[in-house]
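Letter by letter, the chains look like this.
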Amino acid sequence: MPLQSAAPMKQFSSRHLLGIKDLTPADLELVLETADYFLEVINRPIRKVPSLRDLTIANIFFENSTRTRLSFELAQKRLSADVINFSASSGSNKKGETLLDTVNNILAMKVDMIVMRHASPGAPHFLAKHTSAAIVNAGDGTHEHPTQALLDAYSIRRRLGKIAGVKVCYFGDILHSRVALSGILALKKLGAEVMVCGPLTLLPRYIASLGVLVETDPDKALAWCDVANVLRIQLERQQIQYFPSLREYSLYFGITRERLLRLNKEIVIMHPGPINRGVEIDSYTADGTGSVILQQVEHGVAVRMAVIYLLANRG
Amino acid sequence: MRLSPFEFFLRLNHTLQAKRRYRLNSCLYLQRDSAETHILTAVMKDRLILDSEQLEVMIGRLCMQLIENHGSFADTVLLGMQPRGSHAARRIAARLEAISGIAVPLGFLDATFFRDDFRRRPLPLQPNVTEVPFPIENQRVVLIDDVLFTGRSTRAALDAMIGFGRPALVELLVLADRRYSRELPVQADYVGITVDSVQGQQVVVEWKEKGFAEDAVRLFS
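Here the protein sequences line up with chains A and B, keeping their order.
Note that our numbering has the first sequence beginning at 2, numbered continuously upward.
Note that our numbering has the second sequence beginning at 133, numbered continuously upward.
No lab work stands behind these hints: they were computed from the structure.
Every residue, glycine too, gets a C-beta built ideally from N, C-alpha and C.
A portion of the hints provided could be inaccurate.
Calculated Cβ distances over 10 Å to all of chain A for the following chain B residues [stated by the list, open to error]:
hint, residue
1, E185
2, G192
3, M196
4, L257
5, T326
Heads up, simulated DSS-like pairs for lysine-lysine below, C-alpha to C-alpha not over 27 Å straight-line [stated by the list, open to error]:
hint, chain 1, residue 1, chain 2, residue 2
6, A, K111, A, K130
7, A, K163, A, K266
8, A, K11, B, K342
9, A, K11, A, K49
10, B, K342, A, K266
11, A, K49, A, K78
Short derived list, chain A residues pointing at chain B, Cβ under 7 Å [claimed, not checked]:
hint, residue
12, S14
13, S15
14, R16
15, Y38
16, E41
17, N44
18, I47
19, V50
20, P51
Between the sequences and the hints, there should be enough to build the whole structure, so can you do that?
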């Protein structure tokens, strides 16, 4: 009869968290299960545990971020890790240094884990190949944003008690959204049904090959889904005009009070933030009883703690 | 022959030391000693230390000791140490209620994130549910675990417990205390049974709730 003072647990299959694509459904389940424990920890009177006290983590953000960086930093601090922050505006990449040199310089200061956001898809995969540290992808261009997908899945599970069989629809700019891509991959692996809905110009042409339903009428999509994940219109990523005006987008695709009142059911409203009130979502919807937008932010810390804990645990 | 008090003390001390040596040298030694049972075990596989009846009697005695020290349990809470101490804690809380009619608040504390062997094991540590639905500020806390071995879990549990407030007093209750195996200066206030065992052996408390046919305390070697 094997006995240890604390039982060994299932192990994360990868050394890095680069994207949802590389993970197994068991990995996703493990993160969600572990996040439960950390959600309890961050609701204690003293919200800190000493697990990672001998670990140093660098947050390297080559793209602007507020919520994700704060959430990661808080998660690391709640686990007692030492944290250093680096953002592009303060960095030397503007002076001509390559990504690999920047990261190797940081690693030379004895850093164990790197959380990275970069505008180029695949940048964290490149680093994972060429460095020794564990890499967590905090968003690479329009490719993946795995921790956001995990926290969205976690929020659905907390709210509805399950993920398998739940109908989730992503509304808005699917074309530029790493949140949507990671979210679709994660939810499909966890057994949910997924739909995407938006103007045709913002739907990738072969999106249906991921096994999702495609819809261009938001009313039909709302009638179908249990969970509406409303995405921000990412004006900063759009070099050309995909729709005539924000006002027109809001009229045709905004998730509004009128649309919700036409439904005979309450649906869960999610949004990865930041919200453009009055554009993709109105205040009634964002602040209503169905909204879990602020819970998503809280769950984000717990899920990121779980990811960092599981990756560090492999060391 | 009359002895001076000093001589008497010397002789007494000598006798006690001899007794202790005898205990250590004998391969199987049973003695009732201040309500604790000492067993020095011979090396063998899967030896039964306590059967379900003996375990019941022992839990009853531990409850009586708690009642003796805590009276009406006005400021007392019980904290079972996850994962295995929680079963013991549930039994003790139930028995206390049966004896005294008082439902003492019962919580469960997981110390996985406070352990000192994180990243030092080949496999990750599995956390468990922490459920402390009451404040422990100024309370008298009784930590409950099944087996006290190196003392490291207890240290972690003390750290984890402080996260919920500053207790007035902390006591440790264990069903089985493995002597001579401590790696930290930790001692239990209430001991069910003292087991002398060597490194490599395991003392296991089996519960019906965990799927065993009978409650039992066993020594595996």
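Here is what the structure says about each hint:
1. E185: About 22 Å separates E185(B) from the closest Cβ of chain A, which puts it past 10 Å; holds.
2. G192: Per Cβ check, G192(B) is outside 10 Å of chain A; nearest 26 Å; holds.
3. M196: Correct as stated: the minimum Cβ-Cβ distance to chain A is 29 Å, above 10 Å.
4. L257: Answer for L257(B): violated, closest chain A Cβ roughly 5 Å.
5. T326: 19 Å, holds
6. K111(A) / K130(A): The given pair, whose Cα atoms are some 18 Å apart, holds under the 27 Å limit.
7. K163(A) / K266(A): 18 Å, holds
8. K11(A) / K342(B): 20 Å, holds
9. K11(A) / K49(A): OK: K11(A) and K49(A) at ~24 Å, within 27 Å.
10. K342(B) / K266(A): Violated, because 43 Å separates the two Cα atoms, which is more than 27 Å.
11. K49(A) / K78(A): 8 Å, holds
12. S14: 12 Å, violated
13. S15: This hint is violated: S15(A) lies away from chain B, its Cβ roughly 13 Å from the closest one there, beyond 7 Å.
14. R16: 13 Å, violated
15. Y38: 4 Å, holds
16. E41: 6 Å, holds
17. N44: Status violated, d = 10 Å.
18. I47: The hint holds - I47(A) has a Cβ within 7 Å of chain B, the shortest such distance being about 4 Å.
19. V50: 4 Å, holds
20. P51: Cβ of P51(A) sits 6 Å from chain B, so the hint holds.
Checked against the numbered hints given earlier, this structure breaks hints 4, 10, 12, 13, 14 and 17; the rest are met.
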